[in-house]
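**Student:** This is what each chain is made of:
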Amino acid sequence: MSKLDEYEPIVGKAVIEELRLLAGHLSGKTIQHVNSTSVGGGVAEILNRMVPLLKELGMETRWDVIKGGEQFFHITKKIHNALHGSNEEITSDTWDIFWSTNEKNSLELPCISDIVLIHDPQPIGLIVQKGSRQNKWAWRCHVDISYAQTPVWEILRSYINRYDASVFSAPSFSKSLAIRQFMISPSIDPLSDKNKDLPQSSVEGVLKEYKIKNDKPIITQISRFDRLKDPLGVIEAYRQVKRYIDCQLILAGGTASDDPESAEVLSEVKQRAADDPDIHVLLMPHNEIHVNALQRASAVIVQKSLREGFGLTVTEALWKGKPVVASAVGGVPLQIKNKYTGLLCHSVEGAAFAIKQILQSPDYAQRLGENGREHIRQNFLLTRHLKEYLLLFLSLYYPDEVVRL
Amino acid sequence: MTAKAREPFVFNSRLHLNELTGVKATTLPELVQCLRTVNSASIYRHTHHFIEQHQYLAPEPTNDFAYWVSESLGDDSLGEQLAGIDVLAQPTISSIRKVLIGTIDRALRTRPRLKALTAPEGEEFVFLKSVSFVFPTPYRAADLVEFAECLRKVSLSSIYFHMFEAKLRLERPTNDFSYWLMDSLGERQLALRIAQLDPYSQSGETIRSSLLKILETRIKEAKEK
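Note that the protein sequences, when read in sequence, are chains Y and R.
Just so you know, the first sequence maps onto residues 1 to 405 in this note's numbering.
Just so you know, the second sequence maps onto residues 1001 to 1225 in this note's numbering.
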């Protein structure tokens, strides 16, 4: 069985058939993805799954990774933070290192495929090759740049405008550009360990491993320990709920090695949880099955972030048919249509009220969960992402609003 | 045996890619201003994508403007009026645009306090437009039985294309199914019944079932004759 056929029971035969029909119109085209890492992070995770499917659809697809030393990646981290809105001082000397690393990569990495897809700012300078070639270039931005620091953005923008098109994950992430901008949301893979169906025995086994009794409703937030994920706000919301409904809270996630604040946040969370035996603060190693099981064990899943990228933890929760309460930030409103596929909140009180509504109305909770799962099935799985990449490739050759293939 | 068509019906499908327009509104006066100037691909997108993206919901929110006014501006009354706009009765996208603007303008005149409503940060109305890629599928039908058989198999995108998009974006006089049934098979009554279906208040699979039910009844009649 081909890899693509494995998705058929989930998304339907017609969807897979249409992917093949669409790919037929790109027959003979070569595709090249370029990013800055082959392991770790959402971009590499998606490319690892996407590239084999593009190949299976008959497109000669390669994936290249640029090279850079510690100094280069230190600078790209600063650029990344500045695009997220942090105040970062990036001097002209620093920019020189960034561009010279890009130039060096450009010499070593010829981008000669028909379609070149550059992911994120790190390899953005490879566009200098375009002048001498007739191929098509698109810049795929995975970062929320709605609060980007202007000086950094302006420097990058002069390069982005040299591409044929750009791609953003959510409407609010885009900026004014001279080139076409498309919206392609990220996706989850329903066949991955994090999202595949699990037997109840596995779910219970994982709870046992973390010494959690399944004797009262579980509220869960899965996130790394980061202030922007507002774990203290989640504890406060849980306490407001707990006054009326006996429940327990799981805050589970890792700390990022490139985030010095995370250990501090974890310590604050543990302190705030104090001696409440119903708050489970789990510092987890990277374990997709455990995340999957904890989500499936939950009565309600929360994502009370103050800022969020696309919010793939919300996607994962909705896919499992769970009622979700999440802040209306980043890409979350694309996934949660309030009162249809989940509940949106804007404050601790709002989160607490929504959690109570869900815990006290099992029928309503079930309906939200069912709608949420269907919404993800139709709009945020890997096959939709693949379809939109194919459409993006086609749009590089057709400028019209209605294209007849 | 049902009659053969003069021309076979070729099922097309179409898939959308969302393009960002850079146009945003935070208040109703801004929304109206944008509605006057955005291109028709944008109006189509915001009056049809909700149905296609939430095709499992019944009853569904009808359009993005109604949802935004109710949920982000908090005015259920105008939200309900916008949701109640009969898109099916509009022959073109420009007439949909006109009705939307008229509805909001009237509300702003009769309830001036609406002018002050502002969407919270991050919940601005962001105008997108749908870029449509239309392509033929292998499904084609030469009579009613084959037509029903194909309808069972084609994607919902294909059904939506022939039901909504052919009429509004390609400005054909009716939906493609009704046009073919009347023009190539002389099935006037059947064509009318399908043209009267309201696809805006049904989920995708319900539209498919409704179409099949109407067709099967007609096939049965034809066989009994």
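Heads up, a few of these hints could be off.
Simulated pairs of lysine-lysine, BS3-like, Cα-Cα distance not exceeding 30 Å [said to hold, decoys possible]:
1. Y:196 x R:1153
2. Y:3 x Y:136
3. R:1098 x Y:175
4. R:1098 x Y:3
5. R:1153 x R:1223
6. R:1115 x Y:175
7. Y:175 x Y:13
8. R:1024 x Y:175
9. Y:13 x R:1098
10. Y:242 x Y:211
11. Y:213 x Y:13
12. Y:13 x R:1115
13. Y:320 x R:1153
14. Y:67 x Y:13
15. R:1115 x Y:339
16. R:1220 x Y:55
17. R:1223 x Y:136
18. R:1004 x Y:13
19. Y:339 x R:1225
20. R:1220 x Y:13
21. Y:175 x Y:196
Here are some of the chain R residues that sit facing chain Y, going by a computed Cβ distance under 10 Å [said to hold, decoys possible]:
22. 1130
23. 1137
24. 1157
To be clear about the criterion: a stretch of chain Y counts as covered by chain R if any three or more of its residues have a C-beta under 8 Å from a C-beta of chain R, and this derived list gives those stretches [as the list claims (entries may be wrong)]:
25. 21-34
26. 225-237
I should point out that these hints are in silico values taken from the structure, not numbers from a laboratory.
Beta carbons are placed, not taken as given, at the ideal position from N, Cα and C, and that holds for glycine.
**Student:** Residue 1115 (chain R) and residue 175 (chain Y) were given as a pair; does the straight-line alpha-carbon distance stay at or below 30 Å?
**Tutor:** Roughly 27 Å between the alpha carbons, so the hint for residue 1115 (chain R) and residue 175 (chain Y) holds.
**Student:** Checking hints one by one. Is residue 1157 (chain R) an interface residue toward chain Y, by the C-beta closer than 10 Å rule?
**Tutor:** 7 Å, holds
**Student:** Does residue 1153 (chain R) pair with residue 1223 (chain R) here, judged by a C-alpha cut-off of 30 Å?
**Tutor:** The given pair, whose Cα atoms are some 23 Å apart, holds under the 30 Å limit.
**Student:** Are the Cα atoms of residue 1098 (chain R) and residue 3 (chain Y) separated by 30 Å or less?
**Tutor:** Violated, at about 48 Å.
**Student:** Check whether the Cα positions of residue 1098 (chain R) and residue 175 (chain Y) lie no farther apart than 30 Å.
**Tutor:** Holds. Residue 1098 (chain R) to residue 175 (chain Y) sits at ~29 Å (cutoff 30 Å).
**Student:** When you check the alpha-carbon spacing of residue 1004 (chain R) and residue 13 (chain Y), does it fall within 30 Å?
**Tutor:** Holds, because 28 Å separates the two Cα atoms, which is no more than 30 Å.
**Student:** Holds or violated: residue 175 (chain Y) with residue 13 (chain Y), Cα cutoff 30 Å?
**Tutor:** Violated: residue 175 (chain Y) and residue 13 (chain Y) sit about 37 Å apart, past 30 Å.
**Student:** At a threshold of 10 Å, is the proposed contact between residue 1130 (chain R) and chain Y supported by beta-carbon distances?
**Tutor:** 8 Å, holds
**Student:** State whether the coverage of the region 21-34 of chain Y by chain R holds or is violated, taking the criterion as 3 or more residues with Cβ-Cβ distances under 8 Å.
**Tutor:** holds (count 3)
**Student:** Are residue 1223 (chain R) and residue 136 (chain Y) close enough, with their CA atoms no more than 30 Å apart?
**Tutor:** The hint is violated at about 56 Å.
**Student:** Check whether the Cα positions of residue 13 (chain Y) and residue 1098 (chain R) lie no farther apart than 30 Å.
**Tutor:** Violated, at about 39 Å.
**Student:** Please count how many residues of the region 225-237 of chain Y have a CB within 8 Å of a CB from chain R and say whether that reaches 3.
**Tutor:** violated (count 0)
The earlier numbered hints that this structure contradicts are 4, 7, 9, 11, 12, 14, 16, 17, 19, 21, 26.
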